[in-house]
Each structure stands twice: as C-alpha cells, then as structure tokens.
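Just so you know, the protein sequences line up as chains P and U, in that order.
Using the numbering used here, you'd call the opening residue of the first sequence number 7 and step up by one each time.
Using the numbering used here, you'd call the opening residue of the second sequence number -2 and step up by one each time.
Hints may contain errors.
[As the list claims (entries may be wrong)] Derived pair list, reagent style BS3-like, types lysine-lysine, alpha-carbon separation capped at 27 Å:
#, chain 1, residue 1, chain 2, residue 2
1, U, K11, U, K54
2, U, K11, P, K55
3, P, K107, U, K68
4, P, K107, U, K80
Keep in mind that the hints were calculated from the coordinates and are not lab data.
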Amino acid sequence: AQSVSQHNHHVILSEAASLELGCNYSYGGTVNLFWYVQYPGQHLQLLLKYFSGDPLVKGIKGFEAEFIKSKFSFNLRKPSVQWSDTAEYFCAVRDLPNDYKLSFGAGTTVTVRA
Amino acid sequence: DGGITQSPKYLFRKEGQNVTLSCEQNLNHDAMYWYRQDPGQGLRLIYYSQIVNDFQKGDIAEGYSVSREKKESFPLTVTSAQKNPTAFYLCASSIYGLAGLGDTGELFFGEGSRLTVL
C-alpha cells in the first residue's frame, strides 16, 4: 500500500519568507500527485496536481511543486508567503493504473506571522 | 450552488449507539468517498464508491458501514463496533471513480462532520 510522508508537522514563517514543504511517497510505479490545502474554517481544496509532462507544476495563489521521480518526492514551494497562506497542507498520491484511491500524508500546518 | 453537503456538522453520541452521517452531492459525480481526519494522521480512507450500488472498503473500514442507493447520496454509519469513533469525518466526490479519459483526479470535499463519543 502507498504511504505518503510529510516531513514537517508545523512550520512557522514570517510574511515574505519562502516556503518549502516536503512530500515523499513509497510506491515506485506510475503515480498522480496532488497538494490540497485547508484554510481555517474552510473545506479542503485542490492547490495543484501532477499527472505527466513538465515535472514543475504551477497551482493557484503562486504555489508550485516539483516532481522528482528518482527521489519519490513532490515538494511544494512558494517564494514569498502571505498571512493568508496560513493553512494546513496535505500531499496526496494516487497509484495507477490499478488503484485510483488517494492516499494522504499527515499534513503540515503552516502559520504565517504578519 | 453545486457542492457537497454533510450533516450534521457536530454530533454527540453515547457509547454503544450507532450514528449515521449524511453526505449529499449535486455535482453529478460518479465516485464518492469517506475519510476520517485525526490530528497528526492526515486523512484515512474509510469507504469509497465508484458507482451506484457498489462500494469498497478503504484502509480503516472496521466499525463502519455505507450504502450507495442513489448517485447523489453516500451515508456513513459509525457503529458501536468502532473502537475509537471520536473524529472529524470528511465526505468527498470525484467525477469518475477510475483514472481514465476525462478524469481530473480532483476530489471535492464537504465541510465535514465532527463526531464526539461521550
């Protein structure tokens, strides 16, 4: 079964600092990769996803993520965070072609101080 | 507005009682899912359904049951057999249950139901 590891449980940053959240997965076959975000009081929503092609994907609100197949990683980045980026971030992986279910990481809480 | 509606938002239950959480979607999605969210553990899949009248166990199905009699509805029953039911429960849907043509892979989530067992 797929397992997803997010290395940081809680990250605290100041506005304008750069953010990088790590995500590693265990299954070595074909995968789809996702980052979801949960802002305070809101439901989970998709931030970005990777299916194939350019391993550097761009999402909403200035976020991007890089898929490195050799490292089984899909790290999320943002060059300059804002207070409104305070949220919980989840990495998720879907194995193909046999198992389309999403496996989620434990999540990383990001707190941005004004 | 299209989306997923979960009810109730908060629920208290005595030990030994079954409780059913409602999930309704008007997105015309084929697939629906139930996840459990616990602090520090992320989201764990309880049950999922690719199509009406069909569902499969996820990673932590013990003590739970579901039904999928209508495309738009996927209720979850937390039974008394579930040893640690206090949690936040999330329902989600996706356009298709299988990765293939037209699949976006995106899950749409409800706002969740928080169950507390007293």
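Going down the list of hints, with the structure as the test:
1. U:K11 - U:K54: holds, 25 Å
2. U:K11 - P:K55: Roughly 41 Å between the alpha carbons, so the hint for U:K11 and P:K55 is violated.
3. P:K107 - U:K68: holds, 19 Å
4. P:K107 - U:K80: Roughly 25 Å separates the two Cα atoms, so the pair holds.
Violated hint: 2 only; the structure is consistent with all others.
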